[in-house]
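Asker: As they're listed, the protein sequences go chains P and E. Number 146 marks the last residue of the first sequence (the working numbering); no jumps. Number 1120 marks the last residue of the second sequence (the working numbering); no jumps.
Hints are computed from structural coordinates only; laboratory data are not their basis. A virtual CB, placed ideally from N, CA and C, is assigned to each residue, including glycine. One or more hints might be untrue.
Reference listing, derived: stretches of chain P covered by chain E, where coverage requires no fewer than 3 residues with Cβ under 8 Å from a Cβ of chain E [said to hold, decoys possible]:
#, region
1, 40 to 53
2, 57 to 66
Stretches of chain E that chain P covers, calculated by requiring three or more beta carbons in the stretch to come under 8 Å of a beta carbon on chain P [stated by the list, open to error]:
#, region
3, 1008 to 1014
4, 1042 to 1051
5, 1071 to 1083
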Amino acid sequence: MGGITPSNIHFNLYRSAKVMPDPGDGGTIRPNQDLQSCNMTTGAANETRILATPDRPGIRLCLRLKTDGGGSAVVTAPGGFNVALNLIATFDDADDILFLISVSITTTTFRWQIMTGNLGTSPSSSPSSSPSSSPSSSPSSSASGS
Amino acid sequence: MTSPHQVHSFLYRASKKLADPGDAGTIRVSQDLQICEMVSEGVETRIVARPTDSGIRFVLRLMTDGGTVTVTVTGGMNVDLDTVATFADESDMLPLMSVESPAGTFRWEVAEGNVGVSIS
C-alpha cells in the first residue's frame, strides 16, 4: 500500500474511517483526529457525555445522536460551546447534530465553537440531572452558534 | 511512509493556524482546512486574497477584540458578490469555502456557521 501524496490525499480521506466510538453513558469524547464524527446511542434512560476541551485550533468534529433509545444525551463541554461559554448541549432525538470546530481563547487555551447544527445549548454551569428543555428541532434562544 | 488510515491523525497533528497578518495585511490561504484567528488592537482592516482553486475550506475569526476588523474579501463571498465582512466582537467567525464562479475564476462563498459577522 502506497503512502499519502498530494494527488491521493482526498481519496484517502474518503476511504479512511471518520467515526470515533461513542464512549457511552458518563464517558468522555476525546477527539484525537481531525474530521471525525461521533455518533451517540442512548438507552431508555437519560445519559451524559463529556466533550474534552481541545488542545489546538481548527479541529472539526461532528457530534450526533444516531440512535435515540428513549433517553437524551446531555453533553457537557467544560471549555464551552460558544463565546457565551454555554456548557451543555442536549441531544433529545435521533439526528440531533452539532458541527463543531476548535478555536483559540488565547494562544494557549482552546474551546469548541458550534458552527452549525439543529439544537441549542444551555447556560448551565454544571450538568443537570434531567435534560434541558431546549427544543431539538430548532436552536434555543441562548444561541446556537454565537 | 504515511499510511492512508493515518490521514486523520496526521491532519489532527498538523497545524491549521494561518498567521494573522495584522492591520491592513493580506490573508492568503495556501492550505486546506486552515483557521486564521485575528487579533485587533484598534479599528483595523484585512484583505482576504482570492482563492486559486475550489473546495478549499477556511475559517476566519476574531480571537481578540481590540477594535472592529473590516475584512475585504477579494472577488466576493456570495452570489451577490458582497466583499466586506465586519468582525465587531470577540469570537465573530466566518467559515468560507472556495468555489468556481464563473468558470475558470474562483472566489469565496460563505458557508454555514457565520457567527456574528455582518456582510455587505
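Asker: Closer than 8 Å Cβ to Cβ for three or more residues is the test here. Does the region 1071 to 1083 of chain E pass it with chain P?
Answerer: With 0 residues close enough to chain P, the hint is violated.
Asker: Mind checking, does the region 1042 to 1051 of chain E have 3 or more residues with a CB under 8 Å from chain P?
Answerer: violated (count 0)
Asker: How about the region 40 to 53 of chain P: do at least three of its residues have a C-beta closer than 8 Å to a C-beta of chain E?
Answerer: violated (count 0)
Asker: Tell me if chain E covers the region 57 to 66 of chain P under the three-residue, 8 Å CB rule, please?
Answerer: holds (count 4)
Asker: Quick check: the region 1008 to 1014 of chain E, covered by chain P? Criterion 3+ residues, Cβ under 8 Å.
Answerer: Coverage by chain P holds for the region 1008 to 1014 of chain E (5 residues, Cβ < 8 Å).
This entry does not satisfy hints 1, 4, 5, going by the numbered hints stated previously.
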